[in-house]
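J.: Sequence:
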Amino acid sequence: MAAETRSSMEIDEALKPFYERASEAEERLARLEALFSNQKGHSNTDSKEMSSVIKDFQSKLEIAQAEIVSEQEKASNEIQKLVEENLKLRYRISHLLRAVKEAYARSNANKVHGELP
-12 MAAETRSSME IDEALKPFYE RASEAEERLA RLEALFSNQK GHSNTDSKEM
38 SSVIKDFQSK LEIAQAEIVS EQEKASNEIQ KLVEENLKLR YRISHLLRAV
88 KEAYARSNAN KVHGELP
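Going by my numbering, the first residue of the sequence shown is number -12, and it counts up by one from there.
Since the hints were derived computationally from the structure, they do not count as laboratory data.
Each hint should be verified, as a subset may be incorrect.
Once the Cα atoms are required to be at most 20 Å apart in a straight line, the calculated EDC-like pairs of lysine to aspartate or glutamate come out as [said to hold, decoys possible]:
(1) Lys47 <-> Glu36
(2) Lys61 <-> Glu71
(3) Lys61 <-> Glu49
(4) Lys68 <-> Glu58
(5) Lys42 <-> Glu54
(6) Lys61 <-> Glu72
(7) Lys3 <-> Glu14
(8) Lys75 <-> Glu65
(9) Lys47 <-> Glu58
(10) Lys3 <-> Glu13
Derived DEER-like restraints, expressed as beta-carbon distance ranges [claimed, not checked]:
(11) Gln59 <-> Leu19: 56 to 62 Å
(12) Gln59 <-> Ser81: 31 to 37 Å
(13) Glu60 <-> Tyr91: 42 to 48 Å
(14) Arg77 <-> Lys47: 42 to 48 Å
(15) Lys47 <-> Glu20: 50 to 56 Å
(16) Glu54 <-> Leu74: 27 to 33 Å
(17) Ile(-2) <-> Ala21: 30 to 36 Å
Every residue gets a Cβ at the ideal spot worked out from N, C-alpha and C, and that includes glycine.
Build out the structure end to end from the sequences listed, making use of the hints.
T.: Here it is as structure tokens:
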């Protein structure tokens, strides 16, 4: 029995460095798992935050694009109104010029014939 106890103690003593190394490895593994889990948590948080920022920018971009389209439509309508008004004014100017020329011609014709206007 003493031989068995001695043999068991020798085996335990021989295996002690292996148990210590295994224990250290388990501790390192636990720390690495915790670190990985922590980084993964930050990664998910960062990813969610980035996703939120991207969605916010996309939303703002869509709003800005809609505003641009609206402003372009307003500008196009305003340009069309100005073009129409310009055409009307040119038409009126051409008639006024013709009326002035006719009046001037009549005035000159009356002066030649000695008539009063």
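J.: For each hint, tell me whether it holds in the structure or not.
T.: Hint by hint, here is what the structure shows:
1. Taking the CA atoms of lysine 47 and glutamate 36, the gap is near 16 Å; set against the 20 Å cutoff, the hint holds.
2. For the given pair, lysine 61 sits about 15 Å from glutamate 71 by alpha-carbon distance, which is consistent with the 20 Å threshold.
3. Annotation: proposed proximity of lysine 61 to glutamate 49 holds, straight-line Cα distance about 18 Å (limit 20 Å).
4. Only pairs whose Cα atoms come within 20 Å are accepted, and lysine 68 paired with glutamate 58 is accepted, the gap being roughly 15 Å.
5. Between the alpha carbons of lysine 42 and glutamate 54 the distance comes to roughly 18 Å, so the proposed pair stays at or under 20 Å and holds.
6. For the hint linking lysine 61 to glutamate 72, the alpha-carbon distance of about 16 Å falls within 20 Å, and the restraint holds.
7. Between lysine 3 and glutamate 14, the direct Cα distance comes to roughly 16 Å. Compliance with the 20 Å bound is thereby established for this hinted pair.
8. Proposed proximity of lysine 75 and glutamate 65 is supported: the alpha carbons are some 15 Å apart, at most 20 Å.
9. Between lysine 47 and glutamate 58 the alpha-carbon distance is near 16 Å, which keeps this suggested pair within the 20 Å criterion.
10. With a C-alpha separation of about 15 Å, the suggested pairing of lysine 3 with glutamate 13 holds against the 20 Å cut-off.
11. Roughly 57 Å separates the CB atoms of glutamine 59 and leucine 19, a value that falls within the hinted 56 to 62 Å.
12. Hint check: glutamine 59 to serine 81, Cβ distance near 33 Å, so the stated range 31 to 37 Å holds.
13. Between glutamate 60 and tyrosine 91 the CB atoms are about 46 Å apart, so this pair conforms to the stated range of 42 to 48 Å.
14. One distance hint, 42 to 48 Å for the beta-carbon pair arginine 77 and lysine 47, holds here, with the actual separation near 44 Å.
15. For lysine 47 and glutamate 20, the Cβ-Cβ distance of about 40 Å falls outside the hinted range of 50 to 56 Å, so the restraint is violated.
16. Range check, glutamate 54 to leucine 74: Cβ separation about 30 Å, and the 27 to 33 Å hint holds.
17. Range check, isoleucine -2 to alanine 21: Cβ separation about 34 Å, and the 30 to 36 Å hint holds.
Comparing the model with each numbered hint stated earlier shows that hint 15 is the single one that does not hold.
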